[in-house]
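Residue numbers (numbering that gives the first Met the number 0), protein chains in the order written: chain A, 0 to 336; chain B, 0 to 336; chain C, 0 to 336; chain D, 0 to 336.
Calculated directly from the structure, the hints in this document are not laboratory data.
Warning: the hint list may mix true and false statements.
Stated by the list, open to error - Calculated lysine to aspartate or glutamate pairs in the EDC-like style (CA-CA distance at most 20 Å, straight line):
| hint | chain 1 | residue 1 | chain 2 | residue 2 |
| --- | --- | --- | --- | --- |
| 1 | A | 236 | C | 246 |
| 2 | B | 236 | B | 253 |
| 3 | A | 42 | D | 44 |
| 4 | D | 235 | B | 139 |
| 5 | B | 42 | C | 246 |
| 6 | A | 225 | D | 108 |
| 7 | B | 225 | C | 241 |
| 8 | B | 280 | D | 275 |
What the hints assert, rightly or not - Label pairs and their computed distance ranges (CB to CB):
| hint | chain 1 | residue 1 | chain 2 | residue 2 | range |
| --- | --- | --- | --- | --- | --- |
| 9 | D | 210 | C | 225 | 46 to 56 Å |
| 10 | B | 184 | D | 13 | 58 to 68 Å |
| 11 | A | 326 | B | 268 | 54 to 64 Å |
| 12 | B | 268 | A | 61 | 27 to 37 Å |
In this text the structure is predicted, and so the values were computed from the model without any measurement.
All C-beta atoms, glycine included, are put in the ideal place defined by N, C-alpha and C.
Now for the letters of each chain:
There are 4 protein chains.
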Amino acid sequence: MNRTRIGLIGFGYWGPNLARNFHALPGCDLAAICDASEARRQKAESIYRSTRTFASYEAMLASDIDAVAIATPARSHFPLARAALQAGKHVFVEKPLAMSVAEAETLVELAERLGRVLMVGHVFEYNPAIRHMKTLLDGDAIGDLYYLYSTRVNLGRVQSDINALWSIAPHDVSILLYLLGRMPVSVTARGARYLNGNVEDVVFFTLDFAGGVLAHVHASWLDPSKVRRMTVVGSKKMIVYDDLAAEGKVKVYDKGVVKARDAQYGEYQYRLHSGDIAIPKLPLLEPLRIECQDFVDAIAHGRRPHADGYNGLRVVKVLEAAQQSLREHSRPVAIEQ
Amino acid sequence: MNRTRIGLIGFGYWGPNLARNFHALPGCDLAAICDASEARRQKAESIYRSTRTFASYEAMLASDIDAVAIATPARSHFPLARAALQAGKHVFVEKPLAMSVAEAETLVELAERLGRVLMVGHVFEYNPAIRHMKTLLDGDAIGDLYYLYSTRVNLGRVQSDINALWSIAPHDVSILLYLLGRMPVSVTARGARYLNGNVEDVVFFTLDFAGGVLAHVHASWLDPSKVRRMTVVGSKKMIVYDDLAAEGKVKVYDKGVVKARDAQYGEYQYRLHSGDIAIPKLPLLEPLRIECQDFVDAIAHGRRPHADGYNGLRVVKVLEAAQQSLREHSRPVAIEQ
Amino acid sequence: MNRTRIGLIGFGYWGPNLARNFHALPGCDLAAICDASEARRQKAESIYRSTRTFASYEAMLASDIDAVAIATPARSHFPLARAALQAGKHVFVEKPLAMSVAEAETLVELAERLGRVLMVGHVFEYNPAIRHMKTLLDGDAIGDLYYLYSTRVNLGRVQSDINALWSIAPHDVSILLYLLGRMPVSVTARGARYLNGNVEDVVFFTLDFAGGVLAHVHASWLDPSKVRRMTVVGSKKMIVYDDLAAEGKVKVYDKGVVKARDAQYGEYQYRLHSGDIAIPKLPLLEPLRIECQDFVDAIAHGRRPHADGYNGLRVVKVLEAAQQSLREHSRPVAIEQ
Amino acid sequence: MNRTRIGLIGFGYWGPNLARNFHALPGCDLAAICDASEARRQKAESIYRSTRTFASYEAMLASDIDAVAIATPARSHFPLARAALQAGKHVFVEKPLAMSVAEAETLVELAERLGRVLMVGHVFEYNPAIRHMKTLLDGDAIGDLYYLYSTRVNLGRVQSDINALWSIAPHDVSILLYLLGRMPVSVTARGARYLNGNVEDVVFFTLDFAGGVLAHVHASWLDPSKVRRMTVVGSKKMIVYDDLAAEGKVKVYDKGVVKARDAQYGEYQYRLHSGDIAIPKLPLLEPLRIECQDFVDAIAHGRRPHADGYNGLRVVKVLEAAQQSLREHSRPVAIEQ
């Protein structure tokens, strides 16, 4: 079988990570890199000497590559992915897949019609910590799922054309949909603009899932500390996932509240149960490597990748609804199932 | 001058802390303790042998005490405080002052009319860490205030008749009003009920202040970890207050984002500034002691305490609005100024 | 059965903790408190109104108490304990039992001869965390025991008549002898005097146990941070005990190094094994309460307490040898078995 | 001026880091890489396509390179460095410079005689955190220096031909000599062998400096946690350097102990002073980059690098003395000044 020839568009902040992984994977070649900046093209050439560089993506699409990976500003995801699909290429797009449900649906339909792989870079769905949490949630380990909350804040990576919802929170939405395996019913969102009158630097939003499960997300690029933490509260166990923990990203707490009759006063009371804490050993796999491998394998075997276009579309549906709620000062916005 | 004779109602979870402090303060006597439970009265008697105990608060109010401290379940704050004021006593009530604006206003008016001190147990307003933060916010230290967020979660102290908003979040609201020195314009709130169909175990709410300042609060008694943390984000500096930090409850970050022209591409870009971190030494004072002293001094000198009835009323106004938004699925509810 | 009448000598730094516990225990009465300072006696009287106070210990020994607890400066432990035993009292002495092996042996012999309980305040031997570690060490959980090290440092509690070895490290020696269940063969020690020309503010010492097990201790009252941490390294598992950890004082690491033939180069290599981390739930018992209970029970049932005089003597033997090594610039000093 | 042509010997654990830096520096070319392993040579070739590889170091020394960087097992440092100097090359050797004072002296003399740069990879002396600490120690910031202690432990990088003293502790010795700017007077050392009967997996040693300053080091490759921490205790301030701290590697504590007359009892007492904590912002420079730059600049300008042969020799003198003390069960071994 031939090795898939991959062309990368965008060699700025994130593109070099994709380049490094596609370069290292056995089943593909990093055949081309496209960036409008000459300095970046030179940098790419100095690292990948046998990779061809392009200043124009049209020229790259016209070359003999099989697949395109897109790591450009979010607003260009849709036009670039559409052009690449139309040129007959398999497409990997960084998150978010697109900036609207209409755009995302267009891409999904195009990929279906043309028989091409469409994948989105929801890298946390390939993260061993998140995957371990999913096995705990899918089994009976934590009892009834009550609620989840996620904090993804830091200082920097400030954007001026998209807000923190579209820039940062796609990760949280992707993780939540993956862990729960279903769409939320509705969303309410708040946020505020400080640096730039146009986009929210900080957003808070809440997803309502059927059965009363709530998921709250706080995303910001204006914070003194870097935090990537998600807490899952169940009736029998609770989980904290801290992506930056020095020792043990996932902690499973044997903790809960039980209703019990008080011995002294005869009334029903809530009593807390607090047992051991377990820190499972997780496989030392680079999520981005597994993600890139999934794209290459999906092309090779003509199958869908895990984070396929539908997956990307679902996340965009939630983001679009959250955006609408944000615009309307937290009015609950229903999400199409 | 005579020492103020204080009677305490409620010797359950928090009452013993008030008893210990009023007992130790030089300007007052812990003259009486009232609790319906015989076991608790016996416990109180074994510690405070010269303090009289009562099973009925009416009997205690009829005795020769000058002031009453109320540390009972929140729903009884109003009737007990009203009865105590009507009996001519000065009154200290644990937070929240009452369960509605109407109740709180009644207490404030009663205290005004009868010339009695009315105080609420907003203990964090007497906390050296919070007071230090207020001096930073009142000066120019942090630049423009952008937003604040507070997390107050833990496992336990589950209530079945009031929700986490009224049980836990009065502290956050009190701190926020104190730090900002003004009322929010409106509030939106979300929450969920898990243990008990009647009350929210977890709430998230957002206060909107004039000038675009946002304050977000997460309060819950259903969490694997105990967290008491507030972050303040300004244009020039940022502050993290962690009440449980082993070393330095307040950290002041010389961090911010500045708009600057990029040397290479000529565009305006946001650049992060990150300088020293300072951990100020705070006075080793017990906030509860200062709070109790303020009550005793206010009585002795016929002046208002810092956390007076108006202060308590303002917090109740915010809580009542948040409760309404909670009931209406995060509809923004305006707050009377 | 009559309640044991206990007299406490010393109401300074630690004495109040013993008073509080003996006062609360059902099987005994805190009958008397002796302190040369009038201010301290007044403080004791204000808390324990039915406890008699004495300025002279001779007078207290002449009163109708059954047992004496000694919480005075270390140099006075021996004369006070001897006098108490000679007066026919059961004796509890804070650590160290005495300042020399000769003194400690005298006390042990006296207690034997007079049939009185002699106990030393090695409170960590009653600590649930240490007891849990002992069960791990006694079983096969950690494999072969390699080495242990302990850090007990902080700023303050500076002494001018005894050094950090005798003031701080008795805890570490007591824990180590308890965990290993045997005496070390020899000791080497280093230290330095900064504040006061007479006593070491900081000491480092190493105990050699048969079988090559090494235990290292760092004790100091001149450190920016408070640390109470002990690490146990075994061939199969490793344990960290951090007495100040907010969440989980004991962590059990499934970690070790295994010798394995390298697949690529055919040589034997060391490969690290790193599995789960477990944080066991420990009983929420106050070690000091259990310790005081053991004293009271030992008296009541005519049995030895766990931390008996022989236990105290063993620790003093190690301290005396360490002191000698300290004086001789780390010459190895053998320890009598 | 011509760019220095550098040949690297050893492309195993550390060599790739040197390669990356010498490759990226403007003033030099990574001209050659030598490694006996074909797999490693292939890996080197795949990354540095214009760099020539060699299986034999003699062949590489015979090529047209100007300088040699040695990143091989410690026992080979001396023969390789000597051969390189004798071939007329400038030499950079990873720490330790050699395995004995005699070897190190031979290298220093050879470099002097042949007029070649000799440098040792004491990378922490180029670390902004350590350099900041040196400015604090050189000024009056911390008052009188009392003592320092360093912990450098982790699990792994187990060696079978050299012990933890020679493998891990050269960093600590280099840092200590750099910070204090003078040689210790003597050393005492303890250690133990567990995995392998031949070499110590764990060592503890103490350096005595004139004026009573003590420095203690704990080095081990058999520990559940990775720790790289050094504490400096002065009379006026104290410093903690934690190389793995997420936020602020250097903390400066305004803490100390002052002798003061007690108001109540009239005696002199030690009172602790505890003020602010400062976390200085440090330059974001990669120490290894600065180190490699120093080597390249020293060659270009015919000057000594900071970590020159004499620096390397001093560290070896301390290590050799510590090794002797280790062998003789902590007998104090004097160190030649």
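Outcome of the hint check:
With a C-alpha separation of about 16 Å, the suggested pairing of residue 236 of chain A with residue 246 of chain C holds against the 20 Å cut-off. Only pairs whose Cα atoms come within 20 Å are accepted, and residue 236 of chain B paired with residue 253 of chain B is accepted, the gap being roughly 5 Å. Simply put, residue 42 of chain A and residue 44 of chain D have alpha-carbon atoms about 19 Å apart, close enough for the 20 Å limit, and the pair holds. For the hint linking residue 235 of chain D to residue 139 of chain B, the alpha-carbon distance of about 31 Å lies beyond 20 Å, and the restraint is violated.
With a C-alpha separation of about 31 Å, the suggested pairing of residue 42 of chain B with residue 246 of chain C is violated against the 20 Å cut-off. Straight-line distance between C-alpha atoms of residue 225 of chain A and residue 108 of chain D comes to about 51 Å, which puts the hinted pair past the 20 Å bound. The hinted pair formed by residue 225 of chain B and residue 241 of chain C meets the criterion: a straight-line CA distance of about 18 Å does not exceed 20 Å. Simply put, residue 280 of chain B and residue 275 of chain D have alpha-carbon atoms about 5 Å apart, close enough for the 20 Å limit, and the pair holds.
Separation of residue 210 of chain D from residue 225 of chain C is about 28 Å and departs from the stated range, judged on CB atoms against 46 to 56 Å. Take residue 184 of chain B and residue 13 of chain D: their Cβ atoms lie about 60 Å apart, and the range 58 to 68 Å holds. Checked against the hint of 54 to 64 Å, the pair residue 326 of chain A and residue 268 of chain B fails, with Cβ atoms roughly 26 Å apart. Taken as a hint, the range 27 to 37 Å holds for the pair residue 268 of chain B and residue 61 of chain A, whose Cβ atoms sit roughly 33 Å apart.
Hint check: violations occur at hints 4, 5, 6, 9 and 11; the rest are consistent with the structure.
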